[in-house]
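These protein sequences, in sequence, are chains A, B, C and D.
According to our numbering, the first sequence is numbered sequentially starting from 5.
According to our numbering, the second sequence is numbered sequentially starting from 6.
According to our numbering, the third sequence is numbered sequentially starting from 83.
According to our numbering, the fourth sequence is numbered sequentially starting from 319.
Heads up, some of the hints might be wrong.
Derived coverage of chain C by chain B (criterion: at least 3 residues anywhere in the stretch with Cβ under 8 angstroms from a Cβ of chain B; other residues may be distant) [said to hold, decoys possible]:
no., segment
1, 144 to 157
2, 223 to 234
3, 248 to 254
4, 263 to 273
Worth flagging that the hints you see were computed from the coordinates, not collected in a lab.
For every residue, glycine included, the Cβ atom is placed at its ideal position computed from N, Cα and C.
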Amino acid sequence: MTTAAANVLQYLLLVLGAPLLRALIARVKAVIQRRQGTNLWRPYADLLKLFRKEDLVPPDSSPLFRFAPMMLAASTFVAAALVPTVNQSALLAFAGDFIVLVYVLALGRFFMGLGALDGSSSFAGMGASREAMISALAEAPLLLGLIAVAILAGQGNIVEIVRWTLSQNFFDVSAVHAVAFAALAMVAIAETGRMPVDNPTTHLELTMIHEAMVLEYSGPSLALIEWAQAVKLTVVLSLLIGLFAPWGMAANLTLAGLALGLGAYLLKLVVLAIVIAVLESSIAKLRMYMVPEFLGIATALGALAVVFTALLRR
Amino acid sequence: MVLLLPLLIPVLGAAVVLFFRRGTRTALLIGAAEIAALSWLMFATYRHGSITFGRYLRADHLTTVFLASLCLIFALVLVYSSGYLRHLPPERFSSLRWFYALLFLFLFTMLASYLSSNLGLLWIFMEGTTLASALLVGFYETEGAVEAGWKYLVVCTVGLAFALFGTIALYLAAVKSGVAGGSALDWTSLVTAAPQLSIMKNLVKLAFVFLIVGYGTKVGFVPLHSWLPDAHAEAPSPISAMLSAALLNCAMYALLRFDAIAVRAIGPGFSHHLLLLFGGVSILIAGLLMIVQRDLKRLFAYSSVEHMGIIATGIGLGGPLGLYGALLHTFNHSLAKSVLFFAAGNVREKLGTLRIDRISGMIRMLPFTSGALIFGGLAIVGMPPFALFVSEFAILSGAFSQARYLVAVILLVGLTLAFGALLFHFLHMLGGEPKDTPESRKVAGTELAVIGACAVVLLIFGVHVPVQFQKVVEGAMAVLQQ
Amino acid sequence: MQLTRLFFDLHLAIPVAIPLILLPGWRSSRYRRVVPVLLFVSMFLGAATTLLSWRTGQLPIVDLSHLLPFPFVLTLDRLSSLFVFLICAVTAATTVFSVAYIERHYGTGQQAWIWTFLPLFVLSMVLVVTAASAFAFLFGWELMTVFSAALVAADGDSPERRHNLLIYLLMMHAGAAAVAASFFLFLPYTHGLTFTQIRAAGGTLPGRTAIAIYLLAFLGFSTKAGVIPLHLWLPRTHPIAPSPVSALMSGVMLKTAVYGLVRFGFDFLPHPAAWWGYLVLLAGVVSSVLGILYALAERDLKRLLAYSSVENIGIIYLGLGAALIFQAYQAPMWASLALVAALAHTVNHALFKSVLFMGAGSVSTTTHTLNLDELGGLFARMPYTGATLLVACCSIAGLPLFNGFVSEWLTFRSFLAGATLPSPVAQIILPLAAGVLALVGGLAAACFMGLFGTAFLGRPRGVAAKSAGEVPFGMCLGTGVLALACVAVGVYPALLLGPLSLVAASLIPSGNVAQELSLLPRVLPILTTCVVGILLLAMAIPRATRVTAIWACGLPTLSPRMQYTPTVFSKPLRSVFAAVYRPNRKIEVLPADQPYFPVAVSYRSERTTSFEQSLYRPAVDAIVAAANQVRRLHTGNVQMYLLYIFLTLVSLLALVKVLR
Amino acid sequence: MVLVDLAASKAMGSAAVLLFLTVLMLAAAKRMSTSIVAFALQSAVLAAQVLAVAHIHRSTESYVIGGLVILIKVLGIPYALFRLVDKLQAPRDVKLSLSPVYSVFITAGLIFLSFTAVHTYVQELRVSEDVLAAAVALILSGAFLMVSHGKALMQIIALLVLENGIFLAALITTFGMPMIIEIGVFFDLIMGVLLMGVFAFRIRDTFEHLDVSKLRRLRG
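Only chain A is shown next, with the shape it has when bound in the complex (with noise of 0.2 angstroms):
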């Protein structure tokens, strides 16, 4: 029961805080750039204001345009009840199995180009093109990072890999490990759009990726799409957190654990956020034509992992 209940709670932490760290990012990179940054609670102002305003349709486009944020939004809101935050647990334990994770992601991620070509404005084609070519390429090194953690962990499901990784001392951390993070890393960066791979706060047109798919979606539609932007990060990063820093994750349900839990939890998160704002702030987007070479070497590493994992055991 208990578990339950924590488990809801992480689950409701994660959605509903998720856009707090998307403005925790912004906040950072505004102080690293002099700039007087906004509210942290903005977003959720931002959200509140278009959930109010009327949704603005593509003349002769399908209900699809309308349908694709929703099915954005229900899986990544589905994803993020399988990855384990601040407990050794997640909403949807039994089924974190992370193909279907990853899957997960995927189902959103093709409707989402799907809409923006439904709303037949080159723009949104040419963003929705992009991230399709993105998304094939980035699928092979996040799987073969995340598949080269299981071998080691010697099963599927993310809950266990988390409890294995616990397990293991802290400082034997294998090259496995430190490979697949760095594969793992880098398609996190290109799966959810931060720089170099793609600028979330351009509006020139020709550099944009995400942005310009969504350029025709307004109020609710925008809101979910919004929304479930920051939730994905937010799961990636977690993600990452769970598979190579679990440490301090909350074993048993005391309070105290939990509290601890919560607390590394978060520490970590705005960690990341500081590193991400950092290198967002320092390093210039890449070419549109550089990115298969990032995630080329992304794929490299992740094919490097999978093999250290077989000579590791010999």
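Could you slot chains B, C and D onto chain A? The hints should help.
Frame of chain A, contents of chains B, C and D only:
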């Protein structure tokens, strides 16, 4: 008597027909009588196993297998020609009556060579087939026809001369190894006495080499086949069918008889390897040559060469599977090939040409003939549910079950080559835009009936080999192997 | 038992009877009306047979050996009945679809032709998968080629269609030869070629024979399956067939090759070597990656689907290869898991690829074009077809909640298990193969996102698409049923995995995969409920909608031609994999003399890499050259001919003298 | 009577030499008539051979055969050939593909070859080596003539020579085949020559020449 009747009817028939100006109906009547006699003969043989008449005539199950196809093909050819040669100008030699007279003589010689129990007689009548059919090959007195006729005559006569030498050598061997001179050429006595011949090993080998070269020329083994495409291409279509479906079998029959003796005398190694050699070469070369043919009937002629190669391979493999397949294949091939030649006849009749590159869009011009071509084509490449699939399956299994992988590979490659060639040419002819419109689309009832009959028999034999036929074939195998 | 037998006989007999029914009334439409009904009944009976025999476990046996000199036996073991059921189900749906489709597309003669050969074609496939003797198998195998060719030929005639037909028949015949050889190679070790005898011999074969058999079978079946580089015929034949036939060919006919491979690999030859598995795996990798890449570059809807068939066959091969490898390393449990994965993808591909091809048929019915660059906005105009195709696209992209995901997940799972094998090679190769599968999955998602997004969404790019309308009910029904099946399997995989595990158990007795297979059936329903629930919540959000023009950078309007076309959509990926296509690009600016004030700019980019040019053409040329050489010996000079005879004689005599 | 025996034995002995002479003569012949005569001579020698055999073995069958040979091969066919030649009004010269000198040399070589060829069989068959060699030589040279001569008539003659060789071989090895066979063979021979004559006419009518080496329309 049973044996004599079928021989007498055609000879007399030939004489009778010559008296009429256009003897179509008479010819049909005589043919009907002949076929009746033949079926009686076959029935009798089927009942008694083997029947002999005097010293020189004999029929057994092996004969029946070949007689069956000969009888069928002859009937078809007769009916087909009655429609095909409707408008033929009564000239000196190339007139209807001469056509039928020669046809009957041709039939007579083949029958005689099937029924003669004496190998010398066999040779004489084989030579006779050449003489009788040469005029038929040159029947249209066009340049091509005359040329083909001459080549046919010369090449086959020379070849058969060697066969004669082979026969003599065998006779010599028999005599030297103590068989009475009178019966030293009699098949039955030779077969029984064959084991004694082993003392004249070299002589028997020599004999068989000459025989296989001699009769092989008539069968059309590569590289002795040179007369075959010319003759088939230039002869009137019914005659082409007769040559390909009956004459080649006839020569193959002779080889079978001699092979049986050679096997008994000096073991299967020698003759069978020769047969396999010729068979393999024929299959491959014919398959290749089919690709580059430009004339429809030449194409079919080469396909005949290939199938003779397949049959020879079957015989050469021996054993129950190989021999069974070979015997079945002779029958099936005759039927399928005659369908093709009849169809070619229609094409010639309607479009006035057989040049493949000049024909296109047939499927729209001549739907029935195209159908016949497709049907025969599918049958000849051994597609189920046609009969050749069964026989080729048998021969292939024979090859594999003896672990003769080279032979098997040659067979498979040759079949694929032939398939590709036929397919390529047929697609070109059937598809596309019609070049010129034929004068008449309608098909003569006789032609329709004949082709239909062939197709039906092919289909039936493809899905069910009748019990009687099965028994006859087994009997024939028994005759050859004991 | 009696009932099963009766059903089976009827199921087999009806298709044979149909042409006889058609024969009298070749032209009358009344006769033709009867055919689909009969065909449907026959299919229903077939499915019923499989279910009955499945439940009772008794095998209905049809033995016609007394008719023919060689044993001709048909029976339904687990594997066979799976494929028979598949054939029957897909064909039944296709029949429903075809009634309206064929009515609309063809003249009387063609209709009669198609309705004559469609049942025979299906029958031949049933023969192949139920055959219990080599003779019956090859009989069906050849018939399958003939009848499918007949159906392909029904769809008109043109030089390049004839060329395609030629390639198809030739390759099929060569493949059949290989298959036949692989059967015959058992002969030295058995007395006959019924499957029971073959099984008996299979265990005791000497190694080299087993290898030869396996390689030949692999070649033959891969030709039928269209594995690269033996795929030449596939993208040439499937697009030019009538759409229902394409659906059957791609959806079912290819699967007979999978059937054959499973028969040989797991039933006849019980002791595979590891490298057989690696071979299949390699074939799978090559054809899945290249297949989907070629599909991405296609603009013709049906050609695209054909190439995606090549890709999916590749995925099936990945599963099969893994299964063989596990088998070789004595890991029966994982072997049967991989086998289940392969079979599952076989079934799934049959389902969604038939939907896709039939959908293509519907599209061409209303728009009379299959060129993706002219389509667009069809979803609004033909909602049912659009919906079914959307489902199919999601399935083929391997998204969860749809059936494609199930089989891909299983394949991933078995690859993951490769890490548990003793051999380091397997430990490295199998997980890496999972990476390949992931790449293929991503590319497939991109490809079909582009397909659906550009053909069905957005605004119509051409008049044809603008004037499109929904197709008749029958066609929607045909596709709809299969689409529903896709969703059903995707949501509740137990439907599929239960039977498949039994099939696997019948082939790999010691492999128990119940625990491995139990995960998805538990996960997916809950996942679905969650997704649907959240969707409902999201829909519940109150909102006002207003239709406004799209953002046009201040221009008055954007014409539909300014949308992203499929060509452009796939451009980024194509440029990433330019090495595969080696495209030759042409940009023409008109008028040429003043490039800065262009009136028209035309851009063409086509793939220059082709196996036909680099692999097949040279071989064919060599053969023809050889033939011409031989032909030259045939100088019309009779003296030469005589010389040949004499030389033959002399050389033979010499040979005899030497050999003596 | 003694004289006859002597003649018979002489015939047996000297046959080979005479046959070789005829063969060479055929090879060297420039004119059609010459070759026909040569053939007639050859057949005559053959006939003598047959009669000798008949006399030695006292077999009536052989006498008949000998009679047939004289009737058909020595008189009948040569006569027919002569008729053919002037009926056809063909140019009288034989068309050699290569000069007579070469052909004579080659023929000589063939004769030598035939000696070596029969060598192995002689002991086995217990027949006089040279006659058997002559038979083989006839066959070989017949074949050679066929290949080297492009004229229809010459090919007929060559064929006859070849047949002679076979006949001779049969004669000396088996002392004659059964009667009926021999007669049948003769019948075929006559018919064959007749038919070839017919075709010669047809060729003449359709092509205005008798040079079969020019008949090369059908090829490939």
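*With a Cβ-Cβ cutoff of 8 angstroms, does the segment 144 to 157 of chain C contain at least three residues near chain B?*
Since three or more residues must qualify, the claim that chain B covers the segment 144 to 157 of chain C holds, with 4 doing so at under 8 angstroms.
*Would you say the segment 223 to 234 of chain C counts as covered by chain B, given the rule of at least 3 residues with C-beta under 8 angstroms?*
holds (count 3)
*asked:* Please check whether the segment 248 to 254 of chain C has three or more residues whose CB lies within less than 8 angstroms of a CB on chain B.
replied: holds (count 3)
_Per-stretch coverage check for the segment 263 to 273 of chain C, three Cβ contacts closer than 8 angstroms to chain B_ = Held - the segment 263 to 273 of chain C has 5 residues with a Cβ nearer than 8 angstroms to chain B, which meets the minimum of three.
Violated hints for the displayed structure: none, as all numbered hints are satisfied.
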